[in-house]
Amino acid sequence: MWEMASPRVAFGKALVDIGRENSDLVVLGADLSSSTKTSYFEKEFPERFFNCGIAEANMMGVASGLAASGKVVVASTFAVFATGRCYDQIRQSIAYPRLNVKIVASHAGITVGGDGASHQTAEDIALMKVLPNMRVVVPADAIEAKKATRAIIEADGPFYMRMGRSDVPTITKEEDPFEIGKATIMRDGSDVALIGTGIMVSQALKAAEMLKLEGIDAMVVNMSTLKPLDEDTTIKAAKRTGAIVTAEEHSVIFGLGNSVAMTLGEKYPVPVRRVGIPDTFGESGEWNELMVKYGLTPENIVSSAKEIMKQK
Amino acid sequence: MLGPDEIRELSLKANAVRRHIIEMVYAAGSGHPGGSLSATDIIVALYFKLMNYDPENPKWEDRDRFVLSKGHAAPALYATLAELGVFPVEELLTLRKVGSRLQGHPDMRKLPGIEASTGSLGQGLSIANGMALAAKLDRKLYNVYVMLGDGEIEEGQVWEAAMFASHYKLDNLIAFLDRNRLQIDGETEQVMSIEPIADKWKAFGWEVREINGHDFKEIVDAVDWAKEVKGKPVMIVAHTVKGKGVSFMEGSVHFHGKPPNDEEYRIALQDIDAERERIFGGGP
Ligand SMILES: Cc1ncc(C[n+]2csc(CCOP(=O)(O)OP(=O)(O)O)c2C)c(N)n1
Ligand SMILES: [Mg+2]
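One line per chain: the protein sequences are A and B, in this order.
Following our numbering, the numbering of the first sequence begins with 1074 at its first residue and continues without gaps.
Following our numbering, the numbering of the second sequence begins with 569 at its first residue and continues without gaps.
Take the hints with a grain of salt, since some may be wrong.
[What the hints assert, rightly or not] In silico SDA-like cross-links for lysine to any residue, where the CA-CA straight-line distance does not exceed 25 Å:
no.	chain 1	residue 1	chain 2	residue 2
1	B	K627	A	G1230
2	A	K1385	A	F1354
3	B	K795	A	G1143
4	B	K704	A	R1121
5	B	K798	A	E1120
6	B	K627	A	N1206
7	B	K704	A	D1090
8	B	K678	B	R707
9	B	K770	B	K800
10	B	K704	A	N1095
11	B	K704	A	K1300
12	B	K704	A	G1230
13	B	K704	A	K1385
14	B	K627	A	S1096
15	A	K1385	A	L1337
16	A	K1202	B	D675
17	A	K1279	A	T1370
18	B	K678	A	R1171
19	B	K678	A	R1164
20	B	K737	A	D1090
21	B	K627	A	R1164
22	B	K704	A	D1229
23	B	K708	A	P1119
24	B	K785	B	V805
25	B	K627	A	K1312
26	A	K1312	A	E1252
27	A	K1202	A	K1300
28	A	K1116	B	M731
29	B	K785	B	L652
30	B	K737	B	W774
31	B	K770	A	I1127
32	B	K770	A	G1126
33	B	K665	B	E591
34	B	K800	A	N1124
35	B	K800	A	D1104
36	B	K798	A	K1385
37	B	K737	A	K1312
Because the hints were derived from the structure by calculation, they are not lab data.
All of these numbers come straight from a predicted model, not from anything done at the bench.
Excised from the complex, chain A in its bound form (with noise of 0.2 Å):
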């Protein structure tokens, strides 16, 4: 029903116009620049685009000396290594300095697919989130990820974008606004509110199809930035279903729906269900057949918001 496209192409094209108006971006990469799609940038832009070899670590202190020359600066590697790898680079040399770096990661969670749990990462929300000055934006398709790259590149500061290998289902609209902070409610609904992230959106939306079968009213909103968490509409979902369920290609351990029972908890209580990632690496496989393994479903979804609704 939706069209699928790939948020990191997306990312990639939004690059190369970003650059044909902005002379002080640069962009870095670490041998990994077809995958991230960097390499459209470095193809327009050859003498703005810098390989850095198989070193994140030096990537990062190297965005962290342009950004403080006056450079706007995109690092892009997959997520593993753009943040487990070089975690203390980032804190140190990007985060506490407060600089314009823009981490921008690819291949992150699961849907990696083939190359394993050693490629997949779970915890990359979880690093950058607990950073101070970090803010962490995450696309929950190609048209929005095209909108956060230039969000992220005209605000000032220290991000981190993630975006995962497959394509995705295309389920905002270009003429949608786009705002740092501002989640979207996708749906309206007064029974229980359905918070996603990322390719999780797309699932709470199918999820709320099939509970709207059973006479289930939903909400569904997109969390498209982590940090800061709109706690605003978080609370008015909260208000409005008074249960909630959170979705997303993460760790449940600090990730999204930790965000979101933590601004609950203090600030508006209502029962919340985490659907994620479990404490556990993942394994190779097909992306949607990990989907499935690891719970990442629109059915996890609703039999999640059924059991929450119970404890209204």
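Given chain A, put chain B with the ligands in place with the hints provided.
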């Protein structure tokens, strides 16, 4: 060329910086005197003689940059910047106190004149790479100086950065290695041998020169030479003495991260003041 008067001026500045370092870490009750004292002469030569720098306008965009990658030597950098007039000398004694702009390790967002927030070892050369690259992109003529510790270069990131600098021909990058032969747990060659260190940098595509890091003439000559090198970054391996200028700290591993006690403080200031007399007297 450096005349005798200039050498005397630089020696006096270095002497004043050393006095500040001891006063600062003593007042703070913590800090790193050893590696600050070994780095002092190079930092003083850079800011008072070699760098294109306006203390009134430390954000001037054409300035030469200095990145103190071995961030624990912050007292040497703070004291030099204060002597230069970037911020008041009186502020030095706030080192490591709550609310101070003089953090235990440099914070570029707090204190003017600080180019990079360092302290986690091994990252400064990468940052300097980024700055040198930005200069190339903007067709600016400034140089980027960076100082690394000889223990610090055990970090793998340093060698990623070494490759990057030569790959991108960053000949506006001039690095110093503070080769004081000591790190925390002992001598570098005991903890983790780094020799043959000049050959390693050469093998990574750098131009290398070795100097006595406490001889202003050698420091200035080396930088003058480094500025002429084209197509390659330069590493100046500066042989230094950890704790230089304070008798009981010289060559000692114990004063890496420990301030002097009351008695040691008295002796340290005596040593430094005696050196000042010697410079004034023109004696040996
Ligand atoms: C990544 C990292 N690991 C460990 C430390 C703790 N540390 C501070 S100074 C130091 C020794 C540094 O030795 P060296 O680079 O030779 O400095 P110097 O002798 O000039 O003081 C260590 C291990 C640190 N600051 N950063
Ligand atoms: Mg040392």
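- Task: Mind listing which of the numbered hints don't hold for this structure, in increasing order?
- Result: 2, 8, 11, 13, 20, 25, 36 and 37
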